[in-house]
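Chains as they are written, first to last, in my numbering: chain A, 1 to 328; chain B, 1 to 553; chain C, 1 to 346.
It is worth saying that the hints were derived from the structure and are not from the lab.
A couple of the hints might just be wrong.
[As the list claims (entries may be wrong)] Cut-off 30 Å, straight-line C-alpha distance, at most; resulting in silico cross-link-like pairs (BS3-like, lysine-lysine):
1) B:K152 with A:K78
2) B:K152 with C:K189
3) B:K152 with A:K15
4) A:K71 with B:K152
5) B:K374 with A:K13
6) A:K13 with B:K451
7) B:K271 with A:K72
8) B:K404 with C:K346
9) A:K211 with A:K224
10) A:K15 with B:K291
11) B:K20 with A:K78
12) B:K13 with A:K65
13) A:K306 with A:K294
14) A:K15 with B:K404
15) A:K25 with B:K20
16) B:K404 with A:K72
17) B:K378 with A:K13
18) B:K271 with A:K98
19) B:K454 with A:K111
20) B:K271 with A:K13
21) A:K110 with B:K454
22) B:K152 with C:K346
23) A:K71 with B:K366
24) B:K13 with A:K78
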Amino acid sequence: MLIVDSLSKSFDKGKSFALKEVSFKLAQGDVCAIVGESGSGKTTLVRLIAGLERPDGGSIILDGKEVSSIKKLVAPEKRNIGLVFQEYALFPHFDLLKNVMYGISKLKNKKARAKEMLELVGLSGMEHRYPHQLSGGQQQRVALARALAPNPSLLILDEPFSNLDAMLRMQLRSQVFEIIKKTGVTAIFVTHDTQDALSVADEILILQNGKIIQKDQPANLYIKPSSIYVASLFGNTIQLNKEMQTAFDCPLNPKCDHAIRNENLSINEECEYVTHARVLKKTFLGTGTQLLLKLDNGQKISVVTKEREVADRIKIGFNSTDLLEFTG
Amino acid sequence: MKQAGSSDIFSLKARLNRLKRDTNRWSVLTLAIVGFIALPIISIGVKLFAGPGETWGHLVDNLLVDYIGNSFFLVFFCSLLVLLFGVSSAWLVSRFEFPFRKQLEWLLILPLAIPSYIVAYAYAGIFDYGGSLELLLRVFDIDFFRIDMMNKFGLAFVLSISLFPYVYVSSRAFFLNQAGNLLEASTMLGIGEFKSFFKLILPLARPAIIAGLILVLMEVLNDYGAAQYFGVNTFTTGIFRAWFALEEPETAIYLSALLIAIVFALILFEKWQRKNQQVASQKASKFSHRKEFRKPAQWLIFFVVLIPVSFGFFIPLAQLIYWAVLTAGNVFDFDFLLLSLQSFWIAFVTAVVTVIFATLLIYFAKWSSINTVKSISKLGILGYAIPGAVVAIGIMIPTLALDKWIIGIMNDYFGISAGLLINGSLVALVYAYAVRFLAVAYNPIESTGLKVSKSIPDSSRMLGMGNFRTFLRVEFPLIKTGILSAIILVFIDVMKELPLTLILKPFHINTLAVKAFEYASDEMVMEAAIPSLFIIFTAAIPVIFLNRLLIKD
Amino acid sequence: MKKTLIGLLALTLMFSCKNSEEKNTEDQESKEVNVYTHRHYESDQELFKQFEEETGIKVNVINASADELIQKMSMEGEQSPADVLITVDAGRLERAKSRDLLQSIESEVLENTIASHLKDQDNHWFSLTKRARVIAYAKDRVNPEELSTYEDLASEKWNGKLLVRSSGNIYNQSLMASLIVNNGEEEAKKWAEAVVENMARSPKGNDRDQVKAVVAGEGDLAIVNTYYIGKLLNSDDPEEVKAGEKVGLFFPNQDGRGTHINVSGAGVARYAPNKENAIKFIEFLVSEEAQKIFAHSNYEYPVNEAVEPAALLQEWGDFKEDTLNLSQLGQNNKKAVMLFDEAGWK
């Protein structure tokens, strides 16, 4: 239902690109996460889809209709896309009911619909409060209700949880996606937090420097990351360079890069490849302990273990099934 | 397409395609407004090509050095004095608690309500032979010591004392809203209050202060009445001399162009300043509380802050009231009341019209998707840099052409002989005011607009509202204070405006400023007091109101 | 958008029709006269009212400086609504004439009332009132016997004693123009240079301020207009009256060409839409009743010889006036300004 074709955008007349020839497709009812560090172009991408930015090249097709290209631009208000902003962007001078009714002013039963939406997000009874009287999480849900009220064909959430603290975030994340699943709307959400992405998305799209570097289902992405960069996005990863390979005595294909995830390293257990190391420093993390190790060949690495008590000298190793291999 | 890359995307054809795509009615309307505002300026600019008049050489030989020297002298000394008065008082009222602080906070803006040429007359009257000071000293049996105000030092003093509130307002806004954390952090590091102010606060406040200072300097360079009375030759008196005494508009235009170049240099300097500010700008942080010294020290601060208020407002006001009492019988009658009302409503209508133009310009430019158009839209505010008399002539050129065109059409097609339509009507006058004061309205609206997060209008558009409805329903309610401030500022400026009004005002219509000038130019300075007081009165009330807005904001 | 444009256009047309109708009726039997004037005295307002009452012709006034009015008229061209231009000096009237902004009129009344040197040879403009540019001296320090002519002000004995306003002032320009005509350009420039040498201070303030400075002892002599002395002596401020009483007036060049006078005057605009009314208006202004008001409220000398000057002016006594035709002053005005600049007269 959404086709993005070699979309490009530059903010400095081509000296550098915020987005360069990005292409992907999205099917009806899917929830897609766009993951990237800040500056990777993810916000630019959704703003282009929303029609708030104008592409320098490429096109966007929404529901079979071209909405953005270098010759044509459908105004954002005519795209039927709902957008939840990072800072919620509630209208401070309207109460909640008016905020939610804003996008459906042409509907006959707008009041009923707005109340229904507020109920959906669990805020019924607060219709006449003003945004500044709400907590961050409540504002987030109002923003969602407001975006969903006009029944958008596509819902975009831009960094929806980044302004919330960890506890609230987990709670709200499940609530929000429950609501999204309930309404069955096609959704794109932008995040720099891979946990958000892994837990709720049907599909994840990784952006780096304005380019898509991988697009896959969450499980595939985790198991078969296309680069060490992608791998490291989903958890602490240790690169296996030449020296490391010697340390563990595991000669690998020299044409490929290899890495091993931190959680696949075992301490003092039997594995295919092992080496010994001296613990230089232990940092207690609560859920585990961070260790700074000096391998026998002199390599220094940092790993996290669930163990609380760790001896000063340990055996460390991994199995070949856990190896990550990146071609080219 | 795949291997195309940047070269293809930025090929001429692609650029043209995008330009076509991005050209919307807002771009066109923005350019239309800029064109409308710039028309008089362009009309004058075109005349530059005709070359200067024959006295240009004479002027360069005999006077130009004097004009440049005096103008730079004024720029330099006024900057010093204005910074001294404006910044110190702004810091004291925003950082310390002292008796009558709240009252002084708005009293410090009031000097703006008195036109600077009136302040000049008042000071000349005070230090005159047989003037108020002499009378006062006589009461105490002290020998008269005379301070000669009527020279360039006196002029610098008078202009500074009547214009420093621009700097006061802009720097106070910074101190009140931005300086809190900074000072706290700095004092936590054990750096003293005094040192923190000079080493930390002042450099960060610089862009805000400079913004106010630029406005002051434009007014200083544009001053005619005060400089002329004090016998100081400046660019602006030179423009009048060349235009009228030497009968050479061409030469006057050359002088104007030189003046405008100086002003533009100042503006560019300020823009550059602001660019730096954006990097340094930070979240609002107010002082948690004002510092309270013991009573004697508090009174000391009170007296320090009272100095600029007294010199800028109370002393000239007292002199004007004294004159007003002497002349009340001659000046005050029913016609005068009528004239006051006329002034008032012209200023009000102009303020509203100008603010509408400024708002449209700002928002049309915002809605336009072409960056060049956005940059061009900024040209609309340059009218403020151009002397009122020059703007007036600039307005006459195109409006007369239009009038003559209409007259021609009326004659040819309808056989009616029509008179001048626009020229000599309120329309031309209001047009001229709008050209001159658009910048005054533009700044407060733009800056409150910047405080509204970009995502607010964006989310309105995502909810199906077009630009215009978004503005009416969401943005307008959120920038109301800026709009109101803009209306007040333009109102005050129009109430005070002189040379432009003199040239363009229609029959049957008069303003208080013109009335005051008529008296003064006929050597009836005393009689000018009552209209001046009316100007001050009608301007002071909105000023006080404005202060409330600024503080709330 | 289009609708608004069309609406605007329609509105403009409506307005113009309205305006032109008015104009048409004016042509037939106009009841208006439009006056561009640099004079803005209360007494003038009274006069205009009186004219309205007597004739039923409404007087519309634009007050501004003559320079601006002339600029305005020349830009308005044929469409100018101005009927009458009034200035406070002959120089500006002459300039208006040279720019073809005035027209010659025939009026027996004006012809008979106004002396020939007080009007334009081609009847483009006529004087309304006269002021003499005289020397005000400190009664306690200066013996009037020492005073003689304008030329004498350049002599060394007045070094550091002379007070005069800036050269931007038209009365100084007219005086200079008269010196150029009478003594030649070179002499005039020398004179200006010597006067600058003799100045007690750099020129500033207005004529009244010069008198006050004399009283305060800053200098001994001031070049001023009679009319301002009158104002000073009748000021609302008692201090000004005192100042006025401490100076004596001297009419220079009585043994030669006479004291320099400048005038305020009026002319009928080249494209006056209400020409007849304009002539009536000017005739009214030189009539005895109007001249009396000029003379008595404003301390100016009437141009209508049938009218006596104000009592105060009579006290100062009769004087011989320079009968140089005022047109020549206007013709030399620009030259005067340039010589001032060269002489360093600010």
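Right, here's what the structure says about each hint:
Pair hint B:K152 plus A:K78 does not hold up; C-alpha atoms about 63 Å apart against a cutoff of 30 Å. Restraint check for B:K152 and C:K189: the C-alpha separation of about 27 Å stays at or below 30 Å, so the hint holds. A threshold of 30 Å between alpha carbons decides the hint, and for B:K152 with A:K15 the separation of about 52 Å lies outside it, so the pair is violated. Proximity of A:K71 to B:K152 is assessed by CA-CA distance (about 62 Å); at most 30 Å being required, the pair is judged violated.
At most 30 Å may separate the alpha-carbon atoms for a hinted pair to count; B:K374 and A:K13 meet this at roughly 16 Å. Only pairs whose Cα atoms come within 30 Å are accepted, and A:K13 paired with B:K451 is accepted, the gap being roughly 27 Å. For the hint linking B:K271 to A:K72, the alpha-carbon distance of about 35 Å lies beyond 30 Å, and the restraint is violated. At most 30 Å may separate the alpha-carbon atoms for a hinted pair to count; B:K404 and C:K346 exceed this at roughly 41 Å.
For the given pair, A:K211 sits about 19 Å from A:K224 by alpha-carbon distance, which is consistent with the 30 Å threshold. Restraint check: the Cα-Cα separation between A:K15 and B:K291 comes to about 51 Å, which exceeds 30 Å; the hinted pair is violated. Straight-line distance between C-alpha atoms of B:K20 and A:K78 comes to about 20 Å, which keeps the hinted pair within the 30 Å bound. Between the alpha carbons of B:K13 and A:K65 the distance comes to roughly 24 Å, so the proposed pair stays at or under 30 Å and holds.
Of the supplied pair hints, the one linking A:K306 and A:K294 holds, its CA atoms being roughly 19 Å apart against a limit of 30 Å. Annotation: proposed proximity of A:K15 to B:K404 is violated, straight-line Cα distance about 51 Å (limit 30 Å). Among the hinted pairs, A:K25 with B:K20 is consistent with the structure: their alpha-carbon atoms are about 28 Å apart, no more than 30 Å. Between the alpha carbons of B:K404 and A:K72 the distance comes to roughly 43 Å, so the proposed pair goes past 30 Å and is violated.
A distance of roughly 21 Å separates the Cα atoms of B:K378 and A:K13; the hinted pair therefore holds under the 30 Å criterion. In summary, the hint linking B:K271 to A:K98 is not supported, as the alpha carbons are separated by about 40 Å, beyond the 30 Å threshold. Proposed proximity of B:K454 and A:K111 is supported: the alpha carbons are some 27 Å apart, at most 30 Å. Distance hint between B:K271 and A:K13 is fulfilled; the C-alpha atoms sit about 22 Å from each other, no more than 30 Å.
For a cut-off of 30 Å, the pair hint linking A:K110 to B:K454 stands: about 26 Å separates their Cα positions. This hinted pair checks out: B:K152 and C:K346 have alpha carbons roughly 13 Å apart, not beyond 30 Å. Annotation: proposed proximity of A:K71 to B:K366 holds, straight-line Cα distance about 21 Å (limit 30 Å). The suggested pairing of B:K13 with A:K78 holds, with an alpha-carbon distance near 27 Å, which does not exceed 30 Å.
Of the numbered hints listed earlier, those contradicted by the structure are 1, 3, 4, 7, 8, 10, 14, 16 and 18.
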